Each structure stands twice: as structure tokens, then as C-alpha cells.
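Okay, here's what each chain looks like letter by letter:
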Amino acid sequence: MPNRPKPRNRRQTLRYGLTVAAFLLPSALPLAAFVYYPLGQAIWTSFQQWNLISPQKWIGSDNYKSLLADPSTAAVFWHSAQYLIAYLPLVYVFALGIALALNSRLAGRNFFRSIYFLPVVTSWIAVALVWRWLLNPNSGAVNAVLGWLGLPGPGWYNDPHWAMASVVLASVWKDTGFVMVILLAGLQSIPVEIEESALLDGANWIQRLTRITLPLLSPTTFFVLIISLISGFQIFDQVYAMTQGGPADASRVVVLEIYDLTFRYGQAGRASALSMMLFVVILAISVIQLRGQRRWVHYA
Amino acid sequence: MKPIQTGVIAILAAAALAAGCAPAEPAEPGSTPNVTLTYTTFMAVGGHEEDLNTIIKAFEADNPGVTVDAKFNPYTDYFTALQTDIASGTVTDVFDIEHANFRAYAENNVAAPLTGIETDVFKQGILEAYQFNGTQYALPASFSTVVLFYNKDLFDQAGVSYPTNDWTWDDEMSAAEAMTDKVNDTWGDYQPVTYNEYYKTVQQAGGSFLSDDASQVTFDSPEGISGAKFLVDKVGTVQPGAGDTSTDSDLDLFASGRLAMWHNGIWQFAGLQEAPFDWDIVVEPGLTRQASAMFSNAVMVSATSKNIELATKLAQFMTSSKTAVDVRLAADWELPPIADSSLLTAYFDRGKPANRQAVFDSLDAVALAPSIGDGQAEMSDTVTNFLSEAAAGRLTAEQAVTQAAEAVRPVLPKK
Chain U
1 MPNRPKPRNR RQTLRYGLTV AAFLLPSALP LAAFVYYPLG QAIWTSFQQW
51 NLISPQKWIG SDNYKSLLAD PSTAAVFWHS AQYLIAYLPL VYVFALGIAL
101 ALNSRLAGRN FFRSIYFLPV VTSWIAVALV WRWLLNPNSG AVNAVLGWLG
151 LPGPGWYNDP HWAMASVVLA SVWKDTGFVM VILLAGLQSI PVEIEESALL
201 DGANWIQRLT RITLPLLSPT TFFVLIISLI SGFQIFDQVY AMTQGGPADA
251 SRVVVLEIYD LTFRYGQAGR ASALSMMLFV VILAISVIQL RGQRRWVHYA
Chain W
1 MKPIQTGVIA ILAAAALAAG CAPAEPAEPG STPNVTLTYT TFMAVGGHEE
51 DLNTIIKAFE ADNPGVTVDA KFNPYTDYFT ALQTDIASGT VTDVFDIEHA
101 NFRAYAENNV AAPLTGIETD VFKQGILEAY QFNGTQYALP ASFSTVVLFY
151 NKDLFDQAGV SYPTNDWTWD DEMSAAEAMT DKVNDTWGDY QPVTYNEYYK
201 TVQQAGGSFL SDDASQVTFD SPEGISGAKF LVDKVGTVQP GAGDTSTDSD
251 LDLFASGRLA MWHNGIWQFA GLQEAPFDWD IVVEPGLTRQ ASAMFSNAVM
301 VSATSKNIEL ATKLAQFMTS SKTAVDVRLA ADWELPPIAD SSLLTAYFDR
351 GKPANRQAVF DSLDAVALAP SIGDGQAEMS DTVTNFLSEA AAGRLTAEQA
401 VTQAAEAVRP VLPKK
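For the record, the sequence lines run as chains U and W.
Residue 283 in our numbering sits at position 283 of the first sequence, with consecutive numbering throughout.
Residue 380 in our numbering sits at position 380 of the second sequence, with consecutive numbering throughout.
Hints are not guaranteed to be accurate.
Residues from chain W that face chain U, not an exhaustive set, calculated with beta carbons under 7 Å [to be verified]:
#1 D77
#2 T80
#3 Q83
#4 I86
#5 N108
#6 V110
#7 P113
#8 A242
#9 D364
#10 A377
#11 E389
#12 G393
Simulated crosslink set (BS3-like; lysine-lysine; CA at most 27 Å straight-line) [said to hold, decoys possible]:
#13 K65/U to K414/W
#14 K152/W to K352/W
#15 K57/W to K414/W
#16 K57/U to K57/W
#17 K322/W to K352/W
#18 K71/W to K57/W
Over the 10 Å line for every Cβ pair with chain U, so calculated as not near, a few chain W residues [claimed, not checked]:
#19 V35
#20 A87
#21 T115
#22 N133
#23 M173
#24 G243
#25 T245
#26 D252
#27 W267
#28 Q268
#29 K306
#30 T396
Just so you know, the hints here were simulated from the structure itself, not pulled from any lab data.
Remember, it's a predicted structure, so these values are computed and weren't measured experimentally.
Even for Gly, the Cβ is constructed at its ideal location relative to N, Cα and C.
Extracted from the complex, chain U is given alone in its bound form (with noise of 0.2 Å):
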């Protein structure tokens, strides 16, 4: 803050001070009330024995210690994983594709935006009851079209092996125009000196795309990347409306197993613990994200 009013004596510091915290106090306060409070309260929960209608009772760290010891606990984190490695590539270009293709001059570019972006309002509900349809291994659209191309359809959400496969296909159809914008920001934000210089001197199509446009894109993927893999950590609406984690738990994803925990099993202790956990390595794939950038953010 080069242009910071320097204080001069400590009645001014003060009466700087009020100032700075009466414009933070609007969302302090509910960022206090509806973020640090539950999460206090979270982690005191993490420590009880819980099943809602009781009173709490303290066990010390048997939660952690009992989810540490089931094997269900890795297989939510790794169905949780899975989704993450088959999503984010995905929906990454699948996003750039259109945004390259909207951010040229192009008739209805406008339209087109409102259309790619329409499935991100749209509520998972309806979502997941659509994909349901199109992917119904015996009568789905999806399988149709893999039928005339005489290769064998799947049993999508019925299969275990294909259930999160059906969960990814609906986030990236939903996902993809929320990722468009924002990487449409970013190639805004690009000079067209630039790129008009690269011009210049010869650069074809591919070389502009790989050394001028993804390179000046990378602080925009970067945050792209970042928001997805919290976002896809934290999947919920898409698994419990399109499988509920099924078949033989094959898509059972960690904020499913912290719902069922909670509000099926009378085990809201032990899901607050899982919470935590989750905290934890969402925590520790951001720090180590941010510590990456160096080696491929380029901020112009």
C-alpha cells in the first residue's frame, strides 16, 4: 500500500485503526458467525461421541483413531481422487476449446456463451435425473449412439466400475461453461500486441497457442485448477442424486460418507472428524499447488 496515510501519533492510530475495522465489520461478522464459529465447533464435535439426539459425550481422539483404522475411510479419499483425475483434465479442455473458440470474432459469440453457460445454473437435481436418462444402460441415448457404432454400451451408474465415470461425464457437461468464463477472462486479458507481434514474425496457429496464449493463461489456469480441486473434493449433490454412492459403494465420495455419518448412522463425531481430515489434505494439495506455481505460473 505505497499511498497508506502515515500515522502520526497514537490517537491517530487508533482512530485509523476503528476506521479500517468498522469497514472490515460487515463480513467479518457473518464470515465469524457462519465459518470460524461452526468450525470451532466442528473440531470440538470431532472429539465427541454424537449421534444428534444425545448428549455429547468426550472420547479424546478414538474418531480419528478408528477412522485411521477402517478401510472405508482411504476408499472414500480414493473414490473422492478418482473423480479428480478423470475430471479436471476434462472439463480443462473441453473449457479452453470453446472459450479459443468464443474469444475469436464470431457470429452469435454472445448466444453462444449464454448456452455453454446454461447448465451451471441449472440445479443437479434436474441434472442428475437427465444423465440418468441418457445413460440408462438399456434404453439411454448415450448407449443408442454407441450401438450404431457397434461398440458395447456399459452399465454406467448400474456397474461399479463405470458408476463414477457417469458421475464425471454429468460434472464436466455441467462444469464446463463456469470454467469457460473464467478462462475467457483470461484470454481477454491477453494484449493483442502480443499476439499480433508473433504474427508478425511468422508464428503459426500451434505456436502462438503453446508459447504465447497458454503460457500468458497460466495464472487463469491456475486459479481454475485451484477452485476445481476444492470444489471437486467436496463433491456431494451430483453422487447422492445420481447414484447415492452405489453400486457396492463404488462412488461413495467423502462428503457422501460425512451425510451418511451424520444424519443415517448417528455418528456425528466420527463424520466431523472426517471433516477435519478432508480440511487437512485439501489444505495440503493447496500449499503444495501454491508452491509449484513458481515453476509454470507466468504472471505478464
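Starting from the known structure of chain U, arrange chain W on it as the hints suggest.
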């Protein structure tokens, strides 16, 4: 970067905030009460909301100054919402429960012990099902049983004779095979492959699901395996498996005349009155004995209610008043659990099915549902998951039973 939150945290936040603003309208003793009682129901949701309002209006007319504010929550999310309400102290004065989770609510001091109630009006067996350690914690509002529905037209077309009370599983299977026509999406039988069917088929095969004190698994027995096989073997042969039929709903399949036999509850009667074919019911066949599932719903008074006495009065009225009984029968809702069966005669003149006597016959041999308290939902989910794996052909029935038993043991109450 923002710290990461989960649904639990948000709920805890809401709960913590809501706890601060508990509704309070205490009535002065002796004065004219001007009281609002609150009530949450799932029983009435899905077609009987107006019937419930009729009962409530009659209660309000009998009790001047008392208003009942009813909240309708659908069954699928009902217990999630109820637990959250209990945790946050915002639970209504009176609320519905079902027998399967009665024990969890009774043993956690959520329910007010009910005193000063008229007990003679209830069928004693059902009333006692809502006692815990000798105390009455809820009043039964309804009961229903599961029977075998059959499409007479499909039986006639196939030249198969109708089911009788003497049928066994073998009769059911051979009839189902005779009527299955996969090419035309017509199926012989449908019985959900779930815990709710399985604890019953174990008993129909002569076994038991858990030991009497619910501390031991007993379904990993030859009887338990044959109960699982009976359910699993139907799938893909006489009953559509996942993706075998164009509809996801067994109700659609039966109502559209493409299903010969259907294991379902008597709550389906009203919806099938307009079906374009003739149908009837019998008591479900067994292997060595009959055992029918009975479900029962009840109303509970919250221990935190400011008006326990009035709330108890409402619970009594909702379950056993003449108005409640008449409305339930006239609406073809589930049956009221009352002792005086002469009041039930109206039930026999309500149209199809002709053999309504089977509803009462099915009560002669009831397969009691295990009720284990906190682990209830986990137990039923686990059993359903393993049975589904067997139905999908990824496990044998025997493997499913053995693995389910292994997984259920840790959630049973300790001796």
C-alpha cells in the same frame, strides 16, 4: 484462500443459531389456554394432507383456544430433518416416527413419557410395541402389512390358477416363470432386494434375523441363505434387473399391467383403484411358514414441549379418536390400530381388492422387524448393499449373506 467447510459445519452453524431462539408460548395454569401446538408429519405427505387437516380441525373444535400448526415433511428426508430439529432444540411438540426407529428415540430421552392416556382403545400388541422399559413413549397411529398383489388378467391369459393362502415359494416361482415374457417387457414377479424384504424372507424360511436380545447375527444360517436366494434368484429371470425394463418403478410396472405378482404394502390400494385390469391380494407365501412384514407409524410427544399435557391429548386424538379412525378408513389410508374391529367394517367395502380379509390374516403371523437403536440405518443399508451385489451377479447369495453378517456385527448393541 477460504478455509474448507463441509455440510456438517453449515448444519452445526444453523443448529447453533437456531438453538438461541426457542419458541415459547407457555399457558398460564388455570387461565383459558391460547396455545399453538406444533406437529410434524410424514404420514400424511403424498396424498393425505387434507385428511390430516380434517382431523386437526376436529381437534381444534374440541379444544377451543388451541391451534395446531402442522408441518409436512416427505418421508425421504423426514428423519434427517427431525434429528437436526432435535439437535438444535427446534423440534415440534408432536411428531411422527416409525416403529423401526422408535427405540433410538425412546432411549435417548427425546420423548416425553405419556401419562393419562386411554390405552384400552388400542390393539394391545401394537400399543406395547411403543413401550420401552415399561413406559409408553409413543402412540400407534397406523399399521400396514405387506401382501402379495396379483394381476388376475395375466393369470387368466397364462392359464395359471390364482394364488391361495396355502402357496409356498415354489408355487410362486413356477407361476412367475410361466408368466414372464421378457421380449414384451412383462414380468412374473417383483420383490425389492432390500433389507426390508430380507429380514422377512429369513423368517419365512424358518430362521431368524438377529438373536432375541439383538446382540447376535443369526441370519448367516442355511435359512438366511435360502431367504437371500429366494430374493436374488428372481432378478433377471422372473423379475427385471437393473436396466432390464424401460421403467425404474415397480409401481408403474404393476399399474400398467406388465407385472403378474408384486410384493408391496396395503398403502397401494387407493392408487390402484383405477387400474385397467382385475387384481387381488393374498397373504405372502412362505417356505416353511408364513411371516408378513408389518409396518407401523406412531406419534411421539417431545420431552422439550412446553405443553406436554395438551400435546399428549393431541397425540391421543390423532391416533384413536373416532374422527381419526373414520377419516383414515374413508380415505383408504393405512389402518388405524384400534381394538374395536367392528369399527373397521367400513374397510371391507372400499372397493378392490376383494380379498381384504388377507390384510387381517397377514397379522396372524407377523415377521417382527429388528429394532436396534442407533445402528438401525447402518444395518439396513449394509444388508441392502450386499444383497444388491448378489442381485447384480457380483456375489453369490451365500457370499452376500456371510459378508453382510460380518459387516453388521459391529453395529449391533453390546450385551
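For a C-alpha distance cap of 27 Å, please report whether K57/W and K414/W respect it. Outside the cut-off at roughly 46 Å; violated.
Does V110/W meet its interface restraint, that is, does its C-beta lie within less than 7 Å of any C-beta in chain U? Because about 5 Å separates V110/W from the closest Cβ in chain U, which is inside the 7 Å limit, the hint holds.
Verify this label for me: T396/W is non-interface relative to chain U, using a Cβ-Cβ cutoff of 10 Å. Per Cβ check, T396/W is outside 10 Å of chain U; nearest 14 Å; holds.
Decide, holds or violated, for the assertion that all CB atoms of chain U are farther than 10 Å from the CB of T245/W. Non-interface label fails for T245/W: nearest chain U Cβ at 7 Å, not farther than 10 Å.
Against chain U, does T115/W hold up as non-interface, every C-beta pair farther apart than 10 Å? 22 Å, holds
Using Cβ atoms only, decide whether D364/W comes closer than 7 Å to chain U, and label the hint accordingly. With a closest approach of 34 Å, the D364/W hint is violated.
Restraint: A377/W near chain U, CB-CB cut 7 Å. Satisfied or not? 4 Å, holds
Hint check: 7 Å Cβ-Cβ cutoff, Q83/W to chain U: Since the shortest Cβ distance to chain U is 4 Å, the answer is holds.
If I take the minimum Cβ distance from Q268/W to any residue of chain U, is it greater than 10 Å? About 24 Å separates Q268/W from the closest Cβ of chain U, which puts it past 10 Å; holds.
Interface hint outcome for N108/W [beta carbon to chain U under 7 Å]: 4 Å, holds
Taken at face value, is the distance from the CA of K414/W to the CA of K65/U at most 27 Å? Measuring from Cα to Cα gives roughly 21 Å; hence the hint holds.
Would the hint linking K152/W and K352/W be met if the CA-CA limit is 27 Å? Distance ~12 Å between K152/W and K352/W Cα, so the pair holds.
Going down the numbered hints, you'll see the structure goes against 1, 7, 9, 12, 15, 16, 20, 24, 25, while the others check out.
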